[in-house]
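Peer 1: The listed protein sequences correspond, in order, to chains A and B.
Numbers 1 to 471, taken from the numbering used here, label the letters of the first sequence in order.
Numbers 472 to 687, taken from the numbering used here, label the letters of the second sequence in order.
Just so you know, not all the hints are guaranteed correct.
Residues from chain B shown here face chain A by an in silico Cβ test under 8 angstroms; the list is partial [unchecked claim]: (1) 530; (2) 576; (3) 597.
If you're looking for bench data, these hints aren't it; they were derived computationally from the structure.
Built from N, CA and C at the ideal position, the CB exists for glycine as well.
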Amino acid sequence: MRIAALLLITLLSINSSHAYEVSENFWDTGQAIFHVGISGSSPTGGTWNDAFKRSMAAWSNVSSFEFVAVDNYLDPCIDRGEGLFGDGSTGIDFSASVCGSEFGENTLAVTLSAGNCQNPQCTNGFIITDADIVFNSAETWDVYSGSLRFDGTNEFERVALHELGHALGLNHSNANAAIMRAFMSDTDSLQSDDIAGIASIYGSEGAVTETTVANIYGVTLVAPDNATISGPNNSSTLSGTLSSKDNQLDGKALDLYQYTFENDSSIDIQLNSQTFDPFLYLVRVSATQASIPSSSFADDNSGSGNGARINLNIQAGTYWLGVTSDDNSAQGSYDVSIISSTSNPPSSFETFTSIYGADVLINPNSNIDGSLRSTDFKFNNRFLDLVQIEVTTTSAVKIDLSSTAFDTNLLLVDIVNNEVGSLVLENDDNGSGTNSRLETTLEPGTYWLGVTSYDPSESGNYDIAITLVLP
Amino acid sequence: MNAFILLSAKRMVASLACSLCLLVSSSASATTVLGIDIDKVVADAEFVFEGAVINSETRQDSNSGIISTYVTFQINDIIKGDYSGDSIELKFMGGVFNGQIVQVSGMRIPEMAEQGIYFVESMSRDLINPLIGWSQGHFIIHDDNGTRRISTAGNQPVIEVEAVSAIPRSIKKPQSVVEGNTDIAAGVMTETSPIMIERALTVEDFKSRIADLLIN
Chain A
1 MRIAALLLIT
11 LLSINSSHAY
21 EVSENFWDTG
31 QAIFHVGISG
41 SSPTGGTWND
51 AFKRSMAAWS
61 NVSSFEFVAV
71 DNYLDPCIDR
81 GEGLFGDGST
91 GIDFSASVCG
101 SEFGENTLAV
111 TLSAGNCQNP
121 QCTNGFIITD
131 ADIVFNSAET
141 WDVYSGSLRF
151 DGTNEFERVA
161 LHELGHALGL
171 NHSNANAAIM
181 RAFMSDTDSL
191 QSDDIAGIAS
201 IYGSEGAVTE
211 TTVANIYGVT
221 LVAPDNATIS
231 GPNNSSTLSG
241 TLSSKDNQLD
251 GKALDLYQYT
261 FENDSSIDIQ
271 LNSQTFDPFL
281 YLVRVSATQA
291 SIPSSSFADD
301 NSGSGNGARI
311 NLNIQAGTYW
321 LGVTSDDNSA
331 QGSYDVSIIS
341 STSNPPSSFE
351 TFTSIYGADV
361 LINPNSNIDG
371 SLRSTDFKFN
381 NRFLDLVQIE
391 VTTTSAVKID
401 LSSTAFDTNL
411 LLVDIVNNEV
421 GSLVLENDDN
431 GSGTNSRLET
441 TLEPGTYWLG
451 VTSYDPSESG
461 NYDIAITLVL
471 P
Chain B
472 MNAFILLSAK
482 RMVASLACSL
492 CLLVSSSASA
502 TTVLGIDIDK
512 VVADAEFVFE
522 GAVINSETRQ
532 DSNSGIISTY
542 VTFQINDIIK
552 GDYSGDSIEL
562 KFMGGVFNGQ
572 IVQVSGMRIP
582 EMAEQGIYFV
592 ESMSRDLINP
602 LIGWSQGHFI
612 IHDDNGTRRI
622 STAGNQPVIE
632 VEAVSAIPRS
642 IKKPQSVVEG
652 NTDIAAGVMT
662 ETSPIMIERA
672 LTVEDFKSRI
682 ADLLIN
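Isolated chain A (complex conformation) (with noise of 0.2 angstroms):
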C-alpha cells in the first residue's frame, strides 16, 4: 500500500464524494401542503401528527424547501377534484389498504407521487405535484429515538422522515449513516449525507454541497463546500461509497477528496466502514498538484475495529484524502470524520538561508499569502522575498502576483545545485491592473520565486497563486 500511496501523484481527479441519488423529480414550487391529521398517539412517544410534523420540520430545517402542516385530515386517496389524482393537496394515513389494493404482507409503507411528465414516456422524470403516504395499519408502530427494537415494532417517525425524503425527490443513499439509506437502522435523524442530497435538488444555507475544482480531460475535480480548514478548531464529517464506478488504484476502488488546511494543524481523521475493511491515505499536494512524500501518509487498522486512523500534525496546505480498501473489490458505504486545532500547530515551514543571503521559504502551497517587509532581504533597493517549490512532473503553469499594497514584480528562476541556474524569467504588469503573471512550462527541478516591487522600497501585503494549466 505504501507503493501505491506513491501512485496517487499521478492522479489528478477527485470523484464525487457523496453517497446521496436524486431522482429526476422535483417540486417546482419548492413547497408541499401536507394535511396532517391522523388521528391518535404512540404507545410511548406522543401523537401521529407531532411525530409526522418533526419529520416535515427535520426537512424543511435543512434545505430551502419548506413543508406546510396543514392541521386537519385528508384521505389520500378520496376522488381529486377533477377525477385525477394528485391535485396538489397531500394526505397522510394509516390504513389497512392503499386506494383500495391491500400492501401485502411485507410492506409498511407507500408514498404515492404524482404529477406531470416532462416528456410523453415520463422517461425525463416529472414535476411533483402530490406526494401522499400511507401507512400500513396492520404493522405495529411506535415512536421512539434510538436503537431499534427487536420486537418487530416499526418506528413511525424515521419511516416518515425517509418516506418525506423520497417525496422530495431522493433516492436511495449507500451511506452507512444516512436516514436514506435503503435499510432502516438506529439512525434516527437526518444525517449530512441526507442534507447534501436535498440541498443538492432545492438548495440549502449550510448544507454539505461540492465544488468544482477543476476539471481535467473531462473529469471533474471537486471538493466539499466545508473542504477549507481554517481553524481554531474544526470538525467535519463526510459519507462516500466505494463502488465499482470509482477510479482504481493498484486494484482497489478509490474515491479522494480535496481539503485546504490554511494553518498548521493538528488533526485526527479517522475512517469507519461496516462492509469492508478501510485504508486511508492523507497525501499533501503542492501546486503543481504533484504529492510531496514527505507529507504522505497511510492507514489501514489505527482506528477502532478495523477502521482506519490519522492522527498527526501537519503543516498548511491542500491534501488529497484517500478512501480505499485494504481488498481488492471491496465496496461499500464509508464515514469520515475529521477533526482539526490550531491550538498546537506545529512547526512553521522550514526556510534556510541561501548562498545569496535571502531567506527561503519552502512552501509548495499553491495559493501563498506573504507580506514584503521592511526588514526583508533587500536587492536593488526593493524588498524580496523568496519562495521555493519543486516541480516533479513537466508542467504548463500560471503565476499570479497580486497586491493592493504595491506595484508587483515577479521573478522565476531555476536552482541548480543551491544556485541560480539558466532560467530567469520576470514580469511586471502582466496581470491585471499593476499585478504580475508568468505563463511557462516547467520542467522538473528545483524554482525559486521572487517576490519584490517595481518601485523601491515599497512594502505591503501579497497572495501568489500558481495554476496548473491544462492542455
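Once you have looked at the hints, place chain B on chain A.
Peer 2: Frame of chain A, contents of chain B only:
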C-alpha cells in the same frame, strides 16, 4: 504532463463514460418493505412461474384517479401453484396515463418483452404490488450468448440461492426494512455488477434451487 498521467486521465475518462452509461439505467425512488428470506418468498408465494411480458397497458380509476398498469404475462413454466391458462394478467399500482404519472415509490413494473421468474403473493387479492416482497419476488432472465441466466430485478446476477430460515434468529441481523425496487431477499447471493452475468445461475439451475426450497 507525462505520458503516464495522460494515459491515466484517458482511462478515467473512459471509466467516467462507462459510469454514465450505468447511471442511465438507475431506478427511481423506493418504498418501505420488510426484508424477507428467500425461504419465505418461496413458501408464501401462491404462484411462481417463468414467463414473458406480452402486453402492458395503463388504466385510470375514474373515482380515485389512481393509475395502474396491467401487465399480461405469457406463462412458460409453472414452478409452484396451479393455473390452467397460458397467460395471466397482474395489476401493479402506478403508471403513466395521458401525460400524467402516478408513481408508487419503489414499484418496479415488469416491462414489455421482459422475461423472468415471478413470485406472485396472491392470485385473488388486489395488492399494490402482486409480487411478494416486491423486488424480492422478481427475477429477470437475461440471454448470455445463448445461455439464459438469472438476475435480480435490480440487474444483479444471481450466483446462488440458499435457505437461510434455519439460521437462528439470534445470529441473523435484525429485521430489516428494505426498499421495494432493488433489494434482494436474504439467501440470494449476487454479483454487484451486471457485467458479471456469465457467473449467474442458469434458469434451470435457479428453478432447481427453488424446487429444493419447496421440498424442504
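Peer 1: A separate judgement is required for each hint: does it hold in the structure or not?
Peer 2: Now the hints, each set against the structure:
1. 530: violated, 13 angstroms
2. 576: holds, 4 angstroms
3. 597: holds, 5 angstroms
Checked against the numbered hints listed earlier, the structure breaks hint 1 alone; every other hint is satisfied.
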